[in-house]
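Colleague: Line order of the protein sequences matches chains D and H. When we follow the working numbering, the leftmost residue of the first sequence carries the number 1, and every step to the right adds one. When we follow the working numbering, the leftmost residue of the second sequence carries the number 1, and every step to the right adds one.
Source of the hints: derived by calculation from the structure; they are not laboratory data. Just to be clear, a hint being listed does not mean it is correct.
Footprint (simulated), chain H over chain D, 3 or more residues, beta carbon under 8 Å [said to hold, decoys possible]: (1) 153 to 167; (2) 197 to 204; (3) 263 to 272.
Think of the CB as a built atom: it goes at the ideal place given N, C-alpha and C, for glycine as much as any other residue.
For reference, the chains in residue letters:
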Amino acid sequence: MNISTGIRNFFRHGNMKARDIPFWIVGVVIAVLWIAPFVWMVSTSFKPAKEVMTKEIEWFPRHIVLDNYKKVFEYPVARWAWNSFVVATTSTALGVLFGAMAGYALARLNFPGKNVFFAVLIASLMIPTEMTIIPMFVGFLKVGLSNSYIALILPTIANVFSVYIFRQFFLGLPAELEDAAAIDGASRFAVFWQIAMPLARSPIIAASILLFTLNWNSFLWPLLIIFDDNMKTMPVGIAAFTPVVGTHTQLEGFGISMAGVTLLSLPGLLIFFIFQRFFIEGISRTGIKG
Amino acid sequence: MIASLRNGREAIIQAGEKSMNTPASLTIWRKTKLRMRKATWNDRRIDWSGYVFLLPFFIPFLTFTVVAIIFGAYIAFNDWGIMGAPEWVGLANFKEAFTDPWVAKAFVNILRYGIIIVPGVTILGLTFAVYVNKRWFLSDFARAAFYSPNVVSATVIGLVWVWILDTQFGLVNKYLNMIGIPNIPWLTSTQWSLIGVSIASIWWDLGFSFVLFLAALQEIPREIQEAAEIDGASGIQSFWYVSVPILRPTISMIVTLQLIATMRIFSQVYMMTNGGPAGSSVSVIHYIYTTAIVRFRLGYAAAVSLMLFVVILIVTLIQQRLIRESD
Numbered sequence: 001m002n003i004s005t006g007i008r009n010f011f012r013h014g015n016m017k018a019r020d021i022p023f024w025i026v027g028v029v030i031a032v033l034w035i036a037p038f039v040w041m042v043s044t045s046f047k048p049a050k051e052v053m054t055k056e057i058e059w060f061p062r063h064i065v066l067d068n069y070k071k072v073f074e075y076p077v078a079r080w081a082w083n084s085f086v087v088a089t090t091s092t093a094l095g096v097l098f099g100a101m102a103g104y105a106l107a108r109l110n111f112p113g114k115n116v117f118f119a120v121l122i123a124s125l126m127i128p129t130e131m132t133i134i135p136m137f138v139g140f141l142k143v144g145l146s147n148s149y150i151a152l153i154l155p156t157i158a159n160v161f162s163v164y165i166f167r168q169f170f171l172g173l174p175a176e177l178e179d180a181a182a183i184d185g186a187s188r189f190a191v192f193w194q195i196a197m198p199l200a201r202s203p204i205i206a207a208s209i210l211l212f213t214l215n216w217n218s219f220l221w222p223l224l225i226i227f228d229d230n231m232k233t234m235p236v237g238i239a240a241f242t243p244v245v246g247t248h249t250q251l252e253g254f255g256i257s258m259a260g261v262t263l264l265s266l267p268g269l270l271i272f273f274i275f276q277r278f279f280i281e282g283i284s285r286t287g288i289k290g
Numbered sequence: 001m002i003a004s005l006r007n008g009r010e011a012i013i014q015a016g017e018k019s020m021n022t023p024a025s026l027t028i029w030r031k032t033k034l035r036m037r038k039a040t041w042n043d044r045r046i047d048w049s050g051y052v053f054l055l056p057f058f059i060p061f062l063t064f065t066v067v068a069i070i071f072g073a074y075i076a077f078n079d080w081g082i083m084g085a086p087e088w089v090g091l092a093n094f095k096e097a098f099t100d101p102w103v104a105k106a107f108v109n110i111l112r113y114g115i116i117i118v119p120g121v122t123i124l125g126l127t128f129a130v131y132v133n134k135r136w137f138l139s140d141f142a143r144a145a146f147y148s149p150n151v152v153s154a155t156v157i158g159l160v161w162v163w164i165l166d167t168q169f170g171l172v173n174k175y176l177n178m179i180g181i182p183n184i185p186w187l188t189s190t191q192w193s194l195i196g197v198s199i200a201s202i203w204w205d206l207g208f209s210f211v212l213f214l215a216a217l218q219e220i221p222r223e224i225q226e227a228a229e230i231d232g233a234s235g236i237q238s239f240w241y242v243s244v245p246i247l248r249p250t251i252s253m254i255v256t257l258q259l260i261a262t263m264r265i266f267s268q269v270y271m272m273t274n275g276g277p278a279g280s281s282v283s284v285i286h287y288i289y290t291t292a293i294v295r296f297r298l299g300y301a302a303a304v305s306l307m308l309f310v311v312i313l314i315v316t317l318i319q320q321r322l323i324r325e326s327d
């Protein structure tokens with residue numbers, strides 16, 4: 001490829017004109033700046049303790065070492081990650097399944113009260129979760145369920161957005177296939193499970209991704225209800241590396257806290273880069289705000 | 001189709017009634033008729049299984065939303081520590097909240113957060129979306145870059161920005177030093193702490209508005225903008241007079257959602273400043289958290305939650321009123 005065809009290809013993107021070049025450059029620079037905090041995070045995490053607090057700005061570590069990661073694992077980080085994994089996957093699986101069932105019923109089945117039910121669902125989105133956090137805290141404490149997976153999972157399994165995603169999907173899906181199966185004598189549940197769900201691949205993926213990131217990143221509720229260090233989820237466990245409320249960073253410096261958050265951000269960023277299309281579709285379709 | 005079905009069913013019912021000739025068979029027929037008429041809704045047969053489908057969702061939903069809210073309202077009228085039984089105190093918690101300087105401070109602060117974060121997220125989100133929507137070279141990269149902070153947890157945001165905004169060794173101050181600006185105590189002074197937390201919040205939240213704007217922009221047919229350009233409109237003119245009016249509903253939706261989200265700000269505050277110094281960055285939820293967890297005053301915490309709920313409700317209603325009036 002010679003230079004002139006290279007330039008022609010460059011301008012072919014979105015009909016770019018010569019006068020657009022300065023704007024294009026500014027945009028690319030801002031995009032690079034936007035991810036710079038992540039780069040700085042990863043870079044700091046691989047620096048030896050002495051090279052973290054430097055006078056000069058060193059974007060690339062002079063020596064790449066794993067000291068910070070070793071120190072992070074002196075805390076029960078693996079256990080926290082396991083807790084987060086168990087809680088996020090269970091919450092997501094149940095949230096998607098129950099959301100699909102409810103969404104299917106609201107879109108397809110005919111029964112009195114379903115419009116009222118849907119209205120209540122939408123109205124509940126107006127209520128900030130923080131309204132319910134104190135009563136939930138008291139409730140779980142009084143029944144002795146603090147410090148448990150159940151306390152972390154139960155409040156997450158009724159997710160309105162999950163219902164909404166599936167309702168929208170089934171409303172747009174022709175019902176002929178399901179009707180045919182129903183005429184052949186299949187029960188409503190068989191129709192749902194064997195005919196409707198296999199067709200619902202894309203809302204299943206979209207809902208799973210949304211709920212998983214939501215559950216994985218959940219912060220206030222696990223912070224409240226878990227006191228036992230071993231039962232903490234990863235975001236809450238790692239949060240103790242902040243010099244403001246924890247002591248680990250004051251002892252070990254910013255290298256260790258950056259190693260902690262690098263590990264913590266990996267699942268979310270990986271899922272995002274693999275499923276980018278679903279992510280952005282899912283968000284713009286539901287208007288979900290975490 | 002549905003109407004004819006109903007007529008058909010009525011015809012059967014009437015025909016059935018005529019063919020009944022003994023009183024006993026007539027009674028039986030009346031019962032059947034009742035059931036045939038009863039078991040429809042919207043002129044269609046009722047799927048009783050619908051309730052079974054809803055149940056696994058509905059029970060936790062009811063418990064953790066409706067029941068929890070009622071219970072929360074009850075707690076708000078009680079004095080309750082972790083131990084012992086709740087003691088009914090009537091409006092005492094609310095009376096105390098109205099004279100509590102920390103409550104006032106927290107509510108003023110969430111307003112200040114809103115004034116910085118909401119315009120920041122809306123304007124930058126729209127600008128970035130317009131840029132990415134040009135589909136110039138590397139726009140896929142830019143889209144991923146602008147959205148990526150939105151997928152990581154609050155812990156990542158908090159810790160990374162505590163490091164970047166560090167007064168002495170933080171990246172931001174080092175670059176500011178280069179252009180001759182002395183160190184700014186971003187998170188450790190009463191003057192700057194709220195701004196420091198807001199900067200991190202904008203970085204975190206932007207992806208959400210960005211994606212919604214991008215989706216809305218992609219709905220606008222290219223021809224409309226091209227037509228405006230052929231008519232001699234500059235890029236800025238066609239954006240302002242063509243795109244912005246079309247985007248109005250999206251803008252008002254984002255402003256509403258972001259304002260509500262900002263009034264609930266907690267995690268970043270907790271990790272970056274813990275509300276300090278001297279309460280200069282404390283938010284309402286943060287105050288609720290410390291009241292419940294550190295001071296174990298559950299009734300009072302529930303009362304402040306209720307007040308926040310009412311404020312959020314009022315803001316939402318005002319917002320919708322404004323939107324309706326401007327249309």
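Colleague: Now tell me, hint by hint, if it's right for this structure.
Modeller: The hints, checked one at a time:
A stretch counts as covered by a chain when three or more of its residues have a beta carbon under 8 Å from one of that chain; for the segment 153 to 167 of chain D and chain H the count is 6, and the coverage holds. Residues of the segment 197 to 204 of chain D lying with their CB closer than 8 Å to a CB of chain H number 0, which falls below the three-residue condition for coverage. By the rule of at least three residues with a Cβ nearer than 8 Å to a Cβ of chain H, the coverage given for the segment 263 to 272 of chain D holds, with 6 such residues.
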